[in-house]
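Peer 1: Next come the chains, spelled out residue by residue.
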Amino acid sequence: MRDFSYVRADSIEAARKATALPGAMLLAGGTTLVDLAKCGVAQPETVVDITHLKGLDTISVDAGRATLGALAKMSHVADHAGIKSHFPAVSEALWQAASAQLRNMATVGGNLMQRTRCPYFRDPSNFSACNKREPGSGCSAIGGVTRGHAVLGTSQACIAMYPGDLATALVAFDATVHLGQRVLKVDDFFLLPGDTPEREHDIRAGEMITAIEIPGSAAARRSTYLKVRDRQSYEFAAASAAVGLELEADGRTIRDLRVALGGVATKPWRARAVEEALKGKVLDEDTVRKASGLAMEGAVDHGANHYKIELAPRVVARAILKLGETA
Amino acid sequence: MTDQTTSITIPIHLTINGRDHSLNVEPRVTLLDALRDRLDLTGTKKGCDHGQCGACTVHVDGERVLACLTLAAQVEGREITTIEGLAGADGTLDAVQAAFLEQDAFQCGYCTPGQIMSAVACIREGHAGSDDEIREYMAGNLCRCGAYPNIVAAVRQAALEVAS
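One line per chain: the protein sequences are A and B, in this order. When we follow our numbering, the leftmost residue of the first sequence carries the number 1, and every step to the right adds one. When we follow our numbering, the leftmost residue of the second sequence carries the number 1, and every step to the right adds one.
So here's chain A without its partners, still in its complex pose:
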C-alpha cells in the first residue's frame, strides 16, 4: 500500500474542505478504501478520517420515516427496532451483507460508495485493461470469466456488477441521500456505466454524504429482502430482490408493489415494469411468475452469467409470493 498523509476531520465543514486536498479520499469504516488501497486500486494521497465526527451516527424512525446518519454502522441499523418493524427489507438486506465484523465497521454512507467486486477491477497487476480504473484502457471482463458480472445496465465499456444489498432496498422504497446542499434519490445517485464507468456516483467535489432518508409506506412495512447466493452466508448475491407489498382490504388485490434487484445489474435496479404489471391484479402464483419475467427486459448476458436471467425473476416471484402468504 502506498503511503498517504492522514487528516482527522473534526467537523463536517472541515471534512468537506479537506476533500479538496490533492488526491483526498474520505475514510469511514475503511472496509472498501483500505482493501482497495492494498490492491493498488485506490491510491489516496490524503486520507480524511471522518470517523471521529460527532452526531453523524444517529438512527431515528419518526412517523414511519427513517433517517440514518451517514456514519451509522450497518450492524446498528440492521438491529434497530424501528427499522425492523417499519423497513424489514432494509434490516434483512443489511444483516445478510458481508460479515458481523465488517458490518460493525462499515457505515451506511460508506456503503453507498462501495465499489464493484469485479475481479479484473480489483487486480491491476494482472489486468491493465479496466475502463473503470483507467478510462479508455478497455475491459478485461468482456470475453473473460463473467459468472459474477451484470446482465442489466451494462455498456460496451463496462459490465461490472454493483455488489451491494442495502442500496437495493433503498431504491425500492424511494430513499434519498443527503449531500449537504443537494438531496438526491438513491436511484439517481448511482450512475449507469455508459461511456464513463469510472464515474459511479453523482457526487461532486466538496460534497459528503451526511444522511440517508427513507420515507415510510405500507409496502415498506410489509417487505423482505431475498438473497440467493452460491453459499448460504457471507457471500455476494447471485441474484437478490427487495420487495414491498401492500394489498387492498380484500387481502388479495395488489394496491402497491415495490421491486428492486441486486446481484444482476451495474447499479441497484428498480424493476418498475414488474410493479406496474401487478398493481391492481389479484395476487396468484401464475400472474406473479409471468410479471416477474419483466424484470429482465433488456438483459444482455456475457456467457457464464446467463443463469442470472433465469434466476432473478424466480427470486422476485418467490419474494412476492412469500410476502403474499404473510397476510
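Honestly, the hints are just simulated from the structure, not real lab data. Just so you know, these numbers come straight off a predicted model, no measurement behind them. Heads up, a few of these hints could be off.
Label-pair ranges, simulated between beta-carbon atoms [unchecked claim]:
| hint | chain 1 | residue 1 | chain 2 | residue 2 | range |
| --- | --- | --- | --- | --- | --- |
| 1 | B | 98 | A | 119 | 26 to 34 Å |
| 2 | B | 132 | A | 174 | 48 to 56 Å |
| 3 | B | 22 | A | 310 | 52 to 60 Å |
| 4 | B | 160 | A | 232 | 22 to 30 Å |
| 5 | A | 303 | B | 109 | 37 to 45 Å |
Anything over 10 Å on all C-beta distances counts as not near chain A; from chain B, calculated [unchecked claim]:
| hint | residue |
| --- | --- |
| 6 | 40 |
| 7 | 49 |
| 8 | 95 |
Beta carbons: idealized from backbone N, C-alpha and C, even for Gly.
For chain A, the structure is supplied; the task is to place chain B on it using the hints.
Peer 2: Just chain B now, with coordinates in the frame of chain A:
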C-alpha cells in the same frame, strides 16, 4: 479546523487491553500490523489481510472488527481488546476460551484467536441463540481445517454458560 499531519510518521496513542501505548506509525499502518510488529501482541493473526477471513478479529469499543482493514491512527481514543486481554488477571480463561478447549474446536489453531474474539462478541450481541444463528453470525471467521462443527458446539456451550 483539521488536525493535519504531513510528516512520514505520526504519533498515536492506543489503549489496548487496558494499557496505554504511544508509538509513531506511518498513516498507512493497520491496527493489525501495529499490534503484531510494533507491540509484540502476536495473538491477533494475519490471514488474508483483506477482510475476508476473520483471523485478525479484535474488539474496538466492545464490538468485533477486523484489524487488517482498520488504520491504527483511526482507533486512537478507542478501547481495543485483543485475545491477550481476554483471560482474567490470574489467568482464568474466558468462558469461550475454556469451551474451545473442551470442545476441541480447532486443529492447527491459526484462526482460533479470531474465532474466539468473534464468538465472545457474538454471544454478547445475542446472536448465539441457535446453531443456525451461530453459523450465520460466525460466518466471517473461516477455518481451513474445517473444525466448524466443534466451533459451533463451543460457542453454543459458552453461550449457555454465560447465560446461566
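Peer 1: Confirm or reject each hint.
Peer 2: Hint-by-hint comparison with the structure:
1. The beta-carbon spacing between residue 98 of chain B and residue 119 of chain A, approximately 41 Å, falls outside the hinted interval of 26 to 34 Å.
2. Checked against the given bound of 48 to 56 Å, the beta carbons of residue 132 of chain B and residue 174 of chain A, roughly 33 Å apart, lie outside it.
3. Look at residue 22 of chain B against residue 310 of chain A: about 59 Å separates their beta carbons, and that is inside 52 to 60 Å.
4. A C-beta distance of roughly 24 Å is found between residue 160 of chain B and residue 232 of chain A, which places it inside the suggested range of 22 to 30 Å.
5. For the pair residue 303 of chain A and residue 109 of chain B, the beta carbons lie near 42 Å from each other, so the given range of 37 to 45 Å is met.
6. For residue 40 of chain B, the requirement that its beta carbon stay farther than 10 Å from each beta carbon of chain A is met, with the minimum near 22 Å.
7. Look at residue 49 of chain B: its CB is around 7 Å from the nearest CB on chain A, not clear of 10 Å, so calling it non-interface is violated.
8. Listed as outside the interface, residue 95 of chain B is consistent with that label: its C-beta sits roughly 19 Å from the nearest C-beta of chain A, beyond the 10 Å cut-off.
Checked against the numbered hints above, the structure breaks hints 1, 2 and 7 and satisfies the rest.
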